[in-house]
Amino acid sequence: MRLLVSDLTHRYDDLTVLDGIDLTLAEGEILAVIGPSGCGKSTLLGIAGGIVAPTSGSIRVEGEVPDGCLNPITFIFQDFALLPWRTVEDNIALVLEHHKLSAAERRERVDSGLRRMGLSEFRNALPKQLSGGMRQRVGIARALAVRPAMLLLDEPLSALDAQTRELLMDDFLELWRREKTTALYVTHNLDEALRLADRVCVLSRRPGRIRELVTIEVPRERRQEPSAQAHLAEVRGRLWHLMKAEAQMADREIARA
Amino acid sequence: MSEAATNPYRTSLRSAADWGLVAVALPALVALVLPLGSLNGAPVGWLGGTMAPLFLIGVVLAVIAGRSAPKRVWGAWAELAGVALAWLLPFHLLKEGLDLSAGWGLWLFLVAATLLLWRVMGVLAGVPGGIRSVVVPGLFGLGLLVGWEVLVRGFQVPAILLPPPSRIAAALAANAPVLWDDFRQTVLTSVLRGYVMGCGAGFLVAILADRVPFLARGLLPLGNLASAIPVVGIAPIMVMWFGFDWQSKAAVIVVMTFFPMLINTLAGLGNSERIQLDLMRSYAAGYGRTLVKLRLPNALPFLFNGLKINSTLALIGAIVAEFFGTPVVGMGFRISTEVARMNLDIVWATIAVAALTGSGLYGALALLERATTAWHPSMRRR
Ligand SMILES: Nc1ncnc2c1ncn2[C@@H]1O[C@H](COP(=O)(O)OP(=O)(O)O)[C@@H](O)[C@H]1O
Ligand SMILES: [Mg+2]
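Protein chains in written order, with the working numbering: chain F, 347 to 603; chain B, 1289 to 1670.
Excised from the complex, chain F in its bound form (with noise of 0.2 Å):
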């Protein structure tokens, strides 16, 4: 599925947070958006997924929504958003509840969701009794139930500790090589940027302009290797320094409102 945006701007109130946003985004691509807290990131997912009604602009999804997809735009959230008292299976199963499947069918989704997460062992435990890097892979799971055709993933790793975000990073980077969803990205943090996307948008301090799109020339399986750190560490730079400029201006105006 592609994502196209143009002259998205979106105001709370008298708050503008998004200014003259144009974006595309190919199918199966995988763009990482960072910028300073407040700049708008979760505004741009909610308006991309059709939960938030923008001020003005457009915004366009097109392309073929694969077999089986019940959902073609699905989050999946920095909190994990499980309902408390709900079992691994259940939170699962919750968005599949309106849909007319067979039980077999149902009972397949939850499975698989289960199976790739590595969750079977735990599909009866409550959210309140697994770590944080469980929860969160339940959402995943939740996710990847309806099949969708493009992912929008809000700060979703910045709730774990470092090295929970390594393990989800690369189960991340599994499930987008089996499978090319198209996903819109929103993270703090240049590693997982560096590491998973395509391609990088850096937004402006409020309200939220593009700095910058910056390509990722090194396909993501070979980021590893040893020939591609020269290149990386030239983006991660370019990177650092667009963020870091934002960030001080952004702080330099908290500091005088």
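Be aware that one or more of the hints could be misleading.
Claimed, not checked - A short, non-exhaustive set of chain F residues, derived as facing chain B with CB atoms under 10 Å: (1) A427; (2) P430; (3) W431; (4) V441; (5) E443; (6) H444; (7) K474; (8) G478; (9) M480.
It is worth saying that the hints were derived from the structure and are not from the lab.
All of these numbers come straight from a predicted model, not from anything done at the bench.
From the three backbone atoms N, C-alpha and C, an ideal C-beta is built for every residue, glycine too.
Position chain B with the ligands against the provided structure of chain F, taking the given hints into account.
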């Protein structure tokens, strides 16, 4: 460094003497030289011909057994047996015909027994599981009842002021058919119907007010007003409006329970996190599905809070409302008429029924809450 390492003197003294037991033994020793009571005006001591020495020996043996028990908990059970024996002594003395009101030896002895019970409870309250959550509160309640019985009978408090529990129990048994009719009228008819109507209406209006914001804004200030209305003010009015039977009691209960339920339900409906609401929206869930699958489950702790508050309010409302007119049956009616006839045993029996009913309702709701909201962070395993 720990205190034990820096201050050996203190530790050695600690292990040498059980200060708690010394505190228990002191009043007990003083008690031995004071009389237990009097018979025909003459004081009776510990060796005055009663079986008191046997009780004393039993208690001492129990304490020794408790001290030498290999586990503290077993020791606590042995000491508990000692406490029970000590508190049986006044019953024996009463049976022998003694007047206990000047029996300072006995009272001091019982003070010592109570201190011993304190120790026992301290140990038992540290044991996890059924002992802590059932036995300790049970012993506490039993202790209060026994203390009440012994004090009232020992000091010969007139029954018109305060009857002993045994007399209330006897009145309960003797008047069981009347009390059952009252219970049926007040609890099974008025309270249940009024409670269901009041809570149901509060719940439904809250759901509506949640959708229609001006309703919530208009109703919430009224809630404060309604909670300030005295029952004794609206009860006679409701009796005029709805007649003597259960309808007027149910109306009083509806007035009392409507707003607590409304306010709690509204708070509960607002209890869903933003991100959970986003989740439901992102899977195209509409209002109804979000309400049933997300917002009502999230509201459960608040709903139970309202239901529990209202269970007590409903009982009070019904009983008070019956003071202002009722068919010749009902707990409030019974209290008001029997007080006038100075027939206080049955009044106390009715109070006991009301207290048991109230705690029963509350307890049942609390159990249901535990069963349905075990997932909630406030429901840690206790
Ligand atoms: N529903 C809302 N109503 C009003 N202001 C909002 C709302 N959601 C977000 N904001 C504000 O908009 C700005 C951007 O928010 P957000 O998109 O969450 O930023 P980010 O995800 O980049 O941190 C913030 O200043 C935030 O306070
Ligand atoms: Mg955000």
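Now the hints, each set against the structure:
This hint holds: A427 (chain F) has a C-beta 4 Å from the nearest C-beta of chain B, less than the 10 Å allowed. With its C-beta approaching chain B no nearer than about 5 Å, P430 (chain F) sits inside the 10 Å limit, and its interface hint holds. Taken as an interface hint, W431 (chain F) checks out: its beta carbon lies about 4 Å from the nearest beta carbon of chain B, inside 10 Å. Taking 10 Å as the C-beta contact cut-off toward chain B, the hint placing V441 (chain F) at the interface holds, the least distance being around 5 Å.
For the restraint placing E443 (chain F) at the interface with chain B, the shortest Cβ-Cβ distance is roughly 8 Å, inside the 10 Å limit, so the hint holds. Taken as an interface hint, H444 (chain F) checks out: its beta carbon lies about 6 Å from the nearest beta carbon of chain B, inside 10 Å. Hint status for K474 (chain F) relative to chain B: holds, with the closest Cβ pair at about 7 Å, below 10 Å. At about 15 Å, the closest approach between the beta carbon of G478 (chain F) and any beta carbon in chain B exceeds 10 Å, and the interface hint on this residue is violated.
A distance limit of 10 Å between C-beta atoms decides the matter here; for M480 (chain F) the minimum to chain B is near 16 Å, and the interface restraint is violated.
Of the numbered hints stated above, those contradicted by the structure are hints 8, 9, listed in ascending order.
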